[in-house]
Amino acid sequence: MCPWGSWFSCRRNVAQTPRPGKTGERGKQRKTGGNSFDAPPEITTLRPRCTRHSTARWKGLQSFRMNDDKVSALDRMRHSTAHVMAAAVSHLFEHVQLDIGPSTDDGFYYDFDLPHRLNTEDFARIEEEMARLVKANLPFERVEMSRAEAEQMLRERGQKFKLERLADIPAGETITFYRCGDFVDLCRGPHVESTGAIKAFKLTSVAGSYYRGKETNPMLQRLYGVAFLSEKELRVHLMQIEEAKKRDHRKLGRELELFTTEETVGPGLVLWHPKGARVRLLIEDFWRREHLKNGYELVYTPHIGRGHLWETSGHLSFYREGMYAPMKIDEEEYFVKPMNCPFHIKIYQAKKWSYRDLPLRWAELGTVYRYEKAGVLAGLFRVRGFTQDDAHIICTPDQIESEILRVMQFAKRMWSVFGFEDIKAYLATRPEKAVGEAARWEQATKSLEHALQTAGVPYEVDLGGGAFYGPKIDLKVRDAIGREWQVSTFQFDFNLPERFKLVYTGSDGQEHQPYMVHRALFGSIERFFGILVEHYAGAFPLWLAPEQVRLLPLTEKQHEFAQTLAQQLGAEDFRVTVDERNEKVGAKIRAAQLEKIPYMLILGPKEVEQGLVSVRHRSAGDQGVMTPAALMERLRAEGRPGGQPPPAKVQAT
RNA sequence: GCCGGCGUAGCUCAGUGGUAGAGCAGCGGUUUUGUAAACCGCUGGUCGGGGGUUCGACUCCCUCCGCCGGCUCCA
Numbered sequence: 000m001c002p003w004g005s006w007f008s009c010r011r012n013v014a015q016t017p018r019p020g021k022t023g024e025r026g027k028q029r030k031t032g033g034n035s036f037d038a039p040p041e042i043t044t045l046r047p048r049c050t051r052h053s054t055a056r057w058k059g060l061q062s063f064r065m066n067d068d069k070v071s072a073l074d075r076m077r078h079s080t081a082h083v084m085a086a087a088v089s090h091l092f093e094h095v096q097l098d099i100g101p102s103t104d105d106g107f108y109y110d111f112d113l114p115h116r117l118n119t120e121d122f123a124r125i126e127e128e129m130a131r132l133v134k135a136n137l138p139f140e141r142v143e144m145s146r147a148e149a150e151q152m153l154r155e156r157g158q159k160f161k162l163e164r165l166a167d168i169p170a171g172e173t174i175t176f177y178r179c180g181d182f183v184d185l186c187r188g189p190h191v192e193s194t195g196a197i198k199a200f201k202l203t204s205v206a207g208s209y210y211r212g213k214e215t216n217p218m219l220q221r222l223y224g225v226a227f228l229s230e231k232e233l234r235v236h237l238m239q240i241e242e243a244k245k246r247d248h249r250k251l252g253r254e255l256e257l258f259t260t261e262e263t264v265g266p267g268l269v270l271w272h273p274k275g276a277r278v279r280l281l282i283e284d285f286w287r288r289e290h291l292k293n294g295y296e297l298v299y300t301p302h303i304g305r306g307h308l309w310e311t312s313g314h315l316s317f318y319r320e321g322m323y324a325p326m327k328i329d330e331e332e333y334f335v336k337p338m339n340c341p342f343h344i345k346i347y348q349a350k351k352w353s354y355r356d357l358p359l360r361w362a363e364l365g366t367v368y369r370y371e372k373a374g375v376l377a378g379l380f381r382v383r384g385f386t387q388d389d390a391h392i393i394c395t396p397d398q399i400e401s402e403i404l405r406v407m408q409f410a411k412r413m414w415s416v417f418g419f420e421d422i423k424a425y426l427a428t429r430p431e432k433a434v435g436e437a438a439r440w441e442q443a444t445k446s447l448e449h450a451l452q453t454a455g456v457p458y459e460v461d462l463g464g465g466a467f468y469g470p471k472i473d474l475k476v477r478d479a480i481g482r483e484w485q486v487s488t489f490q491f492d493f494n495l496p497e498r499f500k501l502v503y504t505g506s507d508g509q510e511h512q513p514y515m516v517h518r519a520l521f522g523s524i525e526r527f528f529g530i531l532v533e534h535y536a537g538a539f540p541l542w543l544a545p546e547q548v549r550l551l552p553l554t555e556k557q558h559e560f561a562q563t564l565a566q567q568l569g570a571e572d573f574r575v576t577v578d579e580r581n582e583k584v585g586a587k588i589r590a591a592q593l594e595k596i597p598y599m600l601i602l603g604p605k606e607v608e609q610g611l612v613s614v615r616h617r618s619a620g621d622q623g624v625m626t627p628a629a630l631m632e633r634l635r636a637e638g639r640p641g642g643q644p645p646p647a648k649v650q651a652t
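Numbered continuously in numbering that gives the first Met the number 0, the first sequence closes out at residue 652.
In case anyone wonders, no lab produced these hints; they're calculated from the structure. Quick caveat, the model's predicted, so the values are computed rather than measured. Be aware that one or more of the hints could be misleading.
Here are the computed lysine to any residue pairs in the SDA-like style, where the Cα-Cα straight-line distance is at most 20 Å [to be verified]:
#1 K587 with A619
#2 K159 with P169
#3 K201 with Q239
#4 K500 with G642
#5 K432 with P496
#6 K245 with A377
#7 K351 with P496
#8 K250 with V278
#9 K245 with G481
#10 K595 with E242
#11 K345 with E497
#12 K159 with K213
Hey, can you work out the whole structure from these sequences and the hints?
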């Protein structure tokens, strides 16, 4: 079983996260879901705002609960707003069963069961009723009760979920209710003094959610809202949501003709259009060159393999639901690959290796196919066919530490080229059920931690959060608008070397089992591309722009000059087109701006006469005239991977 | 997979049971244009697919597909 299981899960966490605009609250759910009752917020401070995938199973973190006095005023207010919303819903609808209603990263939610199907048209009424309760400035009153009293009260009110939540509260713990007007809720608190403290809120969405997050449980209706301490903050938040929407890679992907998916092709299967394919090619070329520079060899492996291989690897027994049905070839079953590792292992096994040959670093942009449930597919973030930027490192025990450090530094540099400087790491250690000797786990975990310390990457430890086959490091990066993305992963694997009986000959002439590390820097090229589109808001830096320069002749009298220039630029490997349409230059500029082309050259009679170009940059605006040579020098400087764009001047796009 | 919403031209969107519309894009003309949209004309649709109700369905019902927001799954 492959190592990518846990990588897989990280990816899922990310992919599942709300679209921009509904930033980050969902992560909270799982944390609160298992709690005994209407839970107060837990550690929001560990995650920056807009964390989009913090659903992560940080078991270590989960056990940590904030004390009441540490709950921020904002969280307290949001939690109280959830109660007010629950009160409003109880007033407006019949037979409301309450579950829980915690605060989230930017607001709150409350889970209910009621016969009426809530929809967005109900929001106005609910908000109105909430506003009424806020205006009445009703006090929140804390009420302690004995378990018997609490049970009786909940039973009288017919609150079956609350009764179950009550039963979860450990014996000896104080049982508290909060009363606000006629609304009483089993809740640990704390709350604001009175509803008047609630300043600015808005209901945002309604969604189904399983009771206690269990698929077999009934599905409740969850109302989400956002809440802030002032109207102004709420407005700013709503504007940020708008900004995130503008960056949605699915929208930009279509507008900029980068990629599409198509119903008759199948969901989760990506069609790369020429412009998107060009960007992808540039990314992949860069990736390959960097890997070769960094001591990797590149390999290629097939898309399908015999069933026997996947039996040995363990995929068929442990991962089959993620794999597509086999195809029969010459009476033999073949499977489309969900992972690349077994093939890399087979390359290793093609000959005998000595300790002198190690470490081996083999990389592949391997396209894999995995079954994903229909409901979870999302743009490029969650697809059924994708390309891993995969590599496997096979080394001796005394090489692992330097190898891990090397990978860490490699990742840092790669991310920085794409403008991601803010990186955080999560070290996941041995879970209860695990394969591999304890000593190996310990050595591997230590080497991971040392690498993090040496590389100076801030990290948190997720105790027991590793996959059963080995410890791992996951990296998160922060994008241009502050959202976090789970991206790279480095995972030890004590399982596959065992299953495939991997060996090398040591200096003692004996056979030893090598260490194996799986790593992906970008995760999946598709998803990385989607992140990049949102990070750059579609305005790729010069080196990645599918079209770098567009020449805009004023009239057809300048076409010839434009073509000559275009040829010169093309000869220098710049990606150039000429807009020869019968349009005014303003219209040509507008088109180029909307296509987010970095440079526009306006060519009129003056330029032709003097042999100059009038340069306009998509964000810096009019740059004046210069010689073609000067322009090319500038393009070369800016057009290196990671090259700096000119200072941006505010410009409406 | 589950809950809710949505699906009308390439795109964005009007259209509440009685002959399918607009803007943009595209195409053809006119215009020869100086840093974010010239003007005129034309083309373009099984109203996501299938079934049903009805004299008549884009509109109402059922079902399937896809998309969006969540939940779940994620060895």
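Hints versus structure:
1. With a C-alpha separation of about 17 Å, the suggested pairing of K587 with A619 holds against the 20 Å cut-off.
2. Proposed proximity of K159 and P169 is supported: the alpha carbons are some 18 Å apart, at most 20 Å.
3. Restraint check for K201 and Q239: the C-alpha separation of about 15 Å stays at or below 20 Å, so the hint holds.
4. A hinted pair counts as satisfied when its Cα atoms are at most 20 Å apart, and K500 with G642 does not qualify at roughly 46 Å.
5. A distance of roughly 18 Å separates the Cα atoms of K432 and P496; the hinted pair therefore holds under the 20 Å criterion.
6. For the hint pairing K245 with A377, the CA-to-CA distance comes to about 16 Å; that is within 20 Å, so the pair holds.
7. Of the pairs offered as hints, the one joining K351 and P496 holds, with about 14 Å between alpha carbons and a cut-off of 20 Å not exceeded.
8. The hinted pair formed by K250 and V278 meets the criterion: a straight-line CA distance of about 17 Å does not exceed 20 Å.
9. For a cut-off of 20 Å, the pair hint linking K245 to G481 stands: about 15 Å separates their Cα positions.
10. Between K595 and E242 the CA atoms are separated by roughly 17 Å; this keeps the pair inside 20 Å, and the hint holds.
11. Of the supplied pair hints, the one linking K345 and E497 holds, its CA atoms being roughly 14 Å apart against a limit of 20 Å.
12. A hinted pair counts as satisfied when its Cα atoms are at most 20 Å apart, and K159 with K213 qualifies at roughly 17 Å.
When held up to the earlier numbered hints, the structure conflicts with hint 4 and nothing else.
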